[in-house]
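Visitor: Chain by chain, the residues run as shown.
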Amino acid sequence: MLDRLREPWSDQRAERTLGALASLVLVLIALMIIFVAIRAWPSFQHNGLGWFTGRGDIDEQIGRQVNGGANPTAADYRIGAWPLIWGTILTTGLAVGIGLCFSVLAAIFIVEFSPGGLRRVIVPVVRLLAAVPSVIYGLIGILVLVPFVNNHLVSEGRKESVQYVINLSGTGLLVSVVILTVMITPIMIAIIVDALYAVPRGWKEGAVALGVNRWRAMWTVSVRAARPAIIAGAVLACARALGEAIMLSMVSGSKGFAPNPADGITFIFEPLRPLASTIVEDAESLNAPAVQATVYSFALLLLFSAFTMSFCAWLAKQPMKKYGIRV
Amino acid sequence: MAVTPSAEPLRPLRPPRKRRVNESLRTWRWTDRIAFVLCWASGLSLCLIAAAIVVYMAVKGLQFLSFDVIFSRPLPSADQQGSGGFWDAIVGTVLLTIIGIAIATPIAVATAIWVVEYGRPSWLARAVESGIEIVAGTPDIVIAIFGLALFQQGIFAPLSFTAQGGAVFGRSFLTAGAMMSLIALPMVFGATREGLQSVPAHVREASYGLGKTKIATIRRVLLPSVKPNISTGAALGMGRIAGDTAIVVVLLGATLRIDPEGSVPGVGLLRGTGGTLTSYVYNNSPAGEGNAPQKAYAAAFVLLLVVIALNFAVDAIAKRGAKTGLESTRLGA
Amino acid sequence: MIEETEQTEETTPVTDDAPLAPMGPGLPPPVRRIVVDAPPTVAHATAVNHGVRSAKEQAAGPVRMTLEALSVFYGTKQAVKEVSLPIRQGEVLALIGPSGCGKTTLLRTLNRLTELTATARREGTIALDEQDIDQLEVTELRRRVAMVFQQPNPFPMSIFDNVAYALREQAMKRPGKSVVEPLVVDALQRAGLYDEVRDDLDRPALRLSGGQQQRLCIARAIATRPEVLLMDEPCSALDPRSTAVIEALIGDLRRDLAIVIVTHNLQQAYRVGDHVAFMYLGDLVEYGPTEQVFGEPRAQRTRDYIGGAFG
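Protein chains in written order, with this note's numbering: chain W, 1 to 327; chain D, 328 to 660; chain L, 661 to 971.
Simulated from the structure, these hints should not be mistaken for laboratory data.
Here the structure is a predicted model, which means the values were calculated and not measured.
Careful: at least some of the hints might be erroneous.
Below are the SDA-like pairs computed for lysine to any residue, each with C-alpha atoms no more than 20 Å apart in a straight line [stated by the list, open to error]:
| hint | chain 1 | residue 1 | chain 2 | residue 2 |
| --- | --- | --- | --- | --- |
| 1 | W | 204 | L | 775 |
| 2 | D | 539 | W | 9 |
| 3 | D | 554 | D | 582 |
| 4 | W | 204 | L | 722 |
| 5 | W | 322 | L | 779 |
| 6 | W | 204 | L | 736 |
| 7 | W | 321 | L | 775 |
| 8 | D | 539 | D | 453 |
| 9 | W | 321 | L | 864 |
| 10 | W | 317 | D | 539 |
| 11 | L | 833 | W | 220 |
A few chain L residues that face chain D, going by a derived Cβ cut-off under 10 Å, partial list only [said to hold, decoys possible]:
| hint | residue |
| --- | --- |
| 12 | 797 |
| 13 | 818 |
| 14 | 827 |
| 15 | 833 |
| 16 | 834 |
| 17 | 835 |
| 18 | 893 |
Even glycine gets a Cβ: it sits at the ideal position worked out from N, Cα and C.
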């Protein structure tokens, strides 16, 4: 048999082997969906659509599930994930929104307005920042920003006013959004800068030759042509923000509390906990079936969101093909 | 007026001083002026933040870094205040990276070759490409959880520790490495595919013209020429593996010391649990129990150096030989 | 390899009998050795039959732009050496010369497009309507001096948006569609494209053919009624039919505008140009009315070039 392996392979055999290896990816994705869904099913079964609503203190619910041990009752499965979902929506939405505006403006600055020497330095630095592990951002956040917010921005009076409900200690929405924004911006800037440089010179020259000022030429022609890349960058950043578990578990306050915009300024200091961080923190107690079902149900929701976002990005790019923008 | 005699050919050619381009903001709309100011503000704050991060990490890291801390093993207890370093964490990072990239590279290269060179039926090729994109977009925590579910099945028992009651632990270097390969897969795939697509058609045609089969062409002609691209992708993938924390925490146990499992020396190490630099930093920050921020800074600095080194490797390889689509368009333009 | 040409012993077709049409009738010109760096010489004027030229003589209008001792440097290399030219309304100035002679650089200097290149420097004055263009805002200048490029470069938008682009973006306040639409239709009519696209102006511009795209670019350039139109080899990427259409268009457009066209196609310069400027390695070798430059070129180098001795 070894001899048969050693003789030169025919193209057909090679094609089939390589095709099988390539399909491995699809098999893995299918397995991923199946495994996560199977383990998540009990949680949805017991909660129905109420799973998505807020049903009380979620930390208490999870704690009960951990204590429920190996034989949970039906009541133990009860969970209302809304505080976590709201936390995820808040952090991801705010970070991507602010980050996108900032990235587009900074990318335009780098390509158009910055002096040559600065440009040569800032582009490699941005690429480097995009590769920095998230735990380092978390470290800086928890050792620098959190004490700063705790000591200088949150007054004692504010802490006292809410002390019976939550504990304001610097960790919370503000630090989370700031660090998450700083974390996802370099990727977006790198992608948008590459796309702006790749806009055909003819379009840029044509716009300038029509007597349009530099900003207008950049905005109406280059940025317009780079829209697919901007969308791709936003989706990439959104995916990274959604899945960010470790860094946010360090700086978000780790409390299953749904920050309430009606609270005024206190809103930005309130602690929260996104879905991904909850998964990471409860990963040790995965032996209890109720906890397992809950955690996997969070994972299933995250998976579903990732798929939906890729699909929406693909959808968003389709109309642009009509006018000749390269997607 | 008809004929202007040219100047004497040997006039000293000193280029004139650059005149100021007069484009003031006077004629701009007010929205444009606001945008201009915002662009400058964003750009400058970007520079400031980037400088702050780099400088701060350098200062704090060097402050707490010492030979002792790198090369000694961590204390057996959870509290890391005393002496002891993070050598185990470094070993863990290296081991995990090697396992991850060793699994990812063959699969990614094979997939890229199939997609670019064969790709029949075409719906399958498109599905595979979308699949890789989906994997790239999946949060690493979900991949970790999936890995746990997968490797806690009975058939994977040899990969990790099995408890008394028959429950497979599912956490070991092997299982974590396998999932890390999923993280690195899209990068190696993307780089290889780009390299293969920018090999000009005449190279392949020359090989076919000599009578070689497609697979022989791939092995002897195409693969060697995209080696720099594969290396670039592998370096990028390694950077991503080295920086990942969630999979380590879930699938490696995130212990402070490496804990081999079983009596066979090499295999025991692979089946055992351990930690990496990332989980060490996490454990030693105020969010974990280690309570030693100085060690956390030191470990973070080492981690940063590893990532920077890998990024430089990517740039160096790319400069030396990696073909990208950009070059072929530049040549043709 | 380089020798002095001996003028007295020319055995060339430049005799009293042979017509000096741009291409000799069936006879390839004899091989001549060219002196590259010698100063240009002025040939003796000889009476020669005119070639066929049917363009109607038109009284040229006022001088719109003047170049005085214009020099352009890219770093230390001098691309244009002290050129002085007038550009008049109502006529087409054709810039001819072999590749690398600086004609495109000269053209791009006229609307200060060379400033996009970091290493470009300029000396000498260019005046638009008696006003130094350096005193003008560069956006203002580019609105009065429009340009059409060699490769058609319509933006990735609809036809209407392309032509309306300048109208919308140049104004201080974005004009509404009712204001813009008649101007767009007018520009498309003057560019000779309206009849072909009138049924759907929202079609993507990149779906047009090459010739149509170039006419769209011309429409875009003239939509805001500039004073001078610069054309950088506009037909070099097009097929002969589109070329003919655009050359007819140039003849129509020159009534209202001053047109400067760079071309390396001598026949096109002959057909389209009213005045011709021949450049060689950055020098302006000869300038004059088309008949005179093609019929009785005064410089030997012009004669060589037009005779096809080098290209």
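Visitor: Now tell me, hint by hint, if it's right for this structure.
Guide: How the hints compare with the structure:
no., hint, in the structure
1, W:204 x L:775, "14 Å, holds"
2, D:539 x W:9, "11 Å, holds"
3, D:554 x D:582, "37 Å, violated"
4, W:204 x L:722, "33 Å, violated"
5, W:322 x L:779, "38 Å, violated"
6, W:204 x L:736, "27 Å, violated"
7, W:321 x L:775, "33 Å, violated"
8, D:539 x D:453, "28 Å, violated"
9, W:321 x L:864, "10 Å, holds"
10, W:317 x D:539, "41 Å, violated"
11, L:833 x W:220, "15 Å, holds"
12, 797, "6 Å, holds"
13, 818, "23 Å, violated"
14, 827, "15 Å, violated"
15, 833, "7 Å, holds"
16, 834, "9 Å, holds"
17, 835, "13 Å, violated"
18, 893, "17 Å, violated"
In this structure, the hints that do not hold are numbers 3, 4, 5, 6, 7, 8, 10, 13, 14, 17 and 18, in rising order.
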